[in-house]
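As a plain string of letters, each chain reads:
There are 2 protein chains.
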Amino acid sequence: MPPDEHLDKMRLELRRGVVIIAVLLQLRTEHYGYALRQALEAHGLDIDEGTLYPLIRRLETQGLLTSEWREEDRRNKRFYVISAEGRSHLKQLLTEFDSLFATIDTLRNGRTR
Amino acid sequence: MPPDEHLDKMRLELRRGVVIIAVLLQLRTEHYGYALRQALEAHGLDIDEGTLYPLIRRLETQGLLTSEWREEDRRNKRFYVISAEGRSHLKQLLTEFDSLFATIDTLRNGRTR
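Chains as they are written, first to last, in our numbering: chain A, 1 to 113; chain B, 114 to 226.
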């Protein structure tokens, strides 16, 4: 594999876990797919539809989100929101995230945690 | 898949990308495998040998680390250190990491970035 592909793969791995946290955080408030994508983009996270939409459907299948169809602006949209189980997962993922961040932070600055 | 397995898988995904950054950061100073593992543990990151050792060998194959065998305390040990290419990758991974962290941070606090 050429060097740049290694880097791309590493960046993708790094993003993958964080994207789930971002989606769960944003869906503490109800959103339909496109509005979710825009909200995440406003927070600096650009996810293409081909990644985001399968992800939210998968999170719903796993019971971490619930959804309902509703009409808005004369169009039917599927609104997603985090479930109680999703909140519990999110809490534990954030604990892990904080711990990983603290590790990187101290390694960067050469301190012992 | 039962709920707990989903969570474990998500936590693992989250860790995977960060672990590479942690290893590259720590190997700005030369370490042999076991000493690297201890140093990361001191920074709050516990990685088992079965994960860490294949990872550093893979990073060397990718040209991000270099290594040499040397005797220390009357035993031959393989010392690893980051390469110029590794430093370049690390810099870009840290940029991505900072961006992802900023996203999560603002989402958590409900601010717009």
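Worth flagging that the hints you see were computed from the coordinates, not collected in a lab.
Don't be surprised by glycine CBs; every beta carbon is placed ideally from N, CA and C.
Any given hint could turn out to be false.
According to the in silico footprint, chain A covers these stretches of chain B (three or more CB under 8 Å from chain A) [unchecked claim]:
#: 1; segment: 149–163
#: 2; segment: 179–193
Calculated Cβ distances over 12 Å to all of chain A for the following chain B residues [as the list claims (entries may be wrong)]:
#: 3; residue: Tyr-145
#: 4; residue: Gly-146
#: 5; residue: Tyr-166
#: 6; residue: Pro-167
#: 7; residue: Arg-170
Here is what the structure says about each hint:
| no. | hint | in the structure |
| --- | --- | --- |
| 1 | 149–163 | holds (count 5) |
| 2 | 179–193 | violated (count 0) |
| 3 | Tyr-145 | holds (18 Å) |
| 4 | Gly-146 | holds (17 Å) |
| 5 | Tyr-166 | holds (18 Å) |
| 6 | Pro-167 | holds (15 Å) |
| 7 | Arg-170 | holds (14 Å) |
Hint compliance for this structure: hint 2 is the single one not met.
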